[in-house]
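> Here is how the chains run, residue by residue.
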Amino acid sequence: MSERTLPPVTQLAMTSLALILIGGIYLASHLPQQVPLTPAWILLAASASLLAVNLIALSRVKDFAWTKFFSVGKWALLAYMITAGLIEYAFLRDGLSGDPLVVLTLSIIVYAIHVPVLIAFTVAQYEQ
Amino acid sequence: MTDVVTAQPPVSIAHTEPTAVSSGSPPARPDFQIVPLKGLPIVALIFVGLIIAIAANKLWPLVFLHVAFGAAWTIVDLFMGFVIGPTMGKLPPPARIEVVTRLMPKMVLIMPTVVTVTLAAGWQLGVLMGTVNSSYYNHSWIVASYIVVGFMAVIALGLLSPANIAVLTELKKPKPNPAVIQKLMKRFIFAAGFTGILQVAILVIMTRIRVG
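Sequence order for the protein chains is B and X.
In this text, residue positions in the first sequence follow my numbering: the first is 1, and each later residue adds one.
In this text, residue positions in the second sequence follow my numbering: the first is 1001, and each later residue adds one.
In short, the hints are calculated from the structure, not lab data.
The model shown is predicted, which means the values in this text are computed figures rather than measured ones.
Watch out, some of these pointers could steer you wrong.
[Said to hold, decoys possible] Far from chain X by the CB rule (all over 10 Å, computed), these chain B residues:
no., residue
1, P36
2, P39
3, V53
4, S59
5, K62
6, R93
7, G98
8, D99
[As the list claims (entries may be wrong)] Below are the DMTMM-like pairs computed for lysine to aspartate or glutamate, each with C-alpha atoms no more than 20 Å apart in a straight line:
no., chain 1, residue 1, chain 2, residue 2
9, X, K1183, B, E127
10, B, K68, B, E127
11, X, K1173, X, D1031
12, B, K74, B, E127
13, X, K1175, X, E1098
14, X, K1173, B, E127
15, X, K1172, X, E1098
16, X, K1175, B, E127
17, X, K1106, X, D1031
18, X, K1186, B, D94
19, X, K1173, X, E1098
20, X, K1186, X, E1098
21, X, K1183, X, E1098
22, B, K62, B, E127
23, X, K1058, B, D94
24, X, K1175, X, D1031
25, X, K1172, B, E127
26, X, K1172, X, D1031
Built from N, CA and C at the ideal position, the CB exists for glycine as well.
Assemble the whole structure, with the sequences as input and the hints as a guide.
Take a look at the structure:
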């Protein structure tokens, strides 16, 4: 029986998603008032950094099942791009604009990339 | 913290589980699609309905979508976590595989659809009714609902969806690894149970908001 150690992709991805959700809740809970965007920017930056860390850590894994990772990841990416598009549409429909729209759009992009990465990783890690 | 994968030789489920029938070949797994393609047009239709409801911004379609799909989300979570989960645990492995290969592909389509429709219609409804405004008299309950839904979203996106896809991918292999399936199903049922508990919190919050 051999053991393979992988980076903590799931834990980092869940933390990343939690950070952008906290940023979203912070903005949503103050509507329609204008609130300082600094906390939301900080949370978004931290979340995006965790995405970058996850991608870098994954790229360094030797003998990873990349074929399976990409075959699952591309379909998951398509699915989550559709849901991200729906969320973005709702924001635009409600007349959201300016910096809050930028923060939320970037958050949605992090979400639409990180979740497919997590799904593809979960599948590929069991590919022997 | 690290994800550690124990590499084991792939073995047939019937050969490793003590309760499996040991006479002859392993139990046949029903053929299945990880994403049931027949269901995609229904999902597309629902999303088109959601877009029309948001664009129209009328009260009834938004209430209908939010309540109907929200109820479905709550019921599915509670049922999976507290009924299907414990029941599956008591089934013999071949029966468990039969259930998993029939149930889990449907969950791949059902869960993201009910979650997306509930949240998008709910947000638009809140905008229309003014309940998302911080001046709303029950604002603290609204924020509480954001927090609970946030927890559920992280669990669903981080644990439920990946485990769902991974267990189906494993079952598609010529010789699925029972240890992997067991680990992933345990993760799925645990996460479903936890979101079921959070759904009870959502029920409390929503009924509090309704009665004022």
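> Run the structure past the numbered hints and jot down the numbers of the failing ones, going up.
Numbers 6, 18 - these are the hints that the structure violates, sorted from lowest upward.
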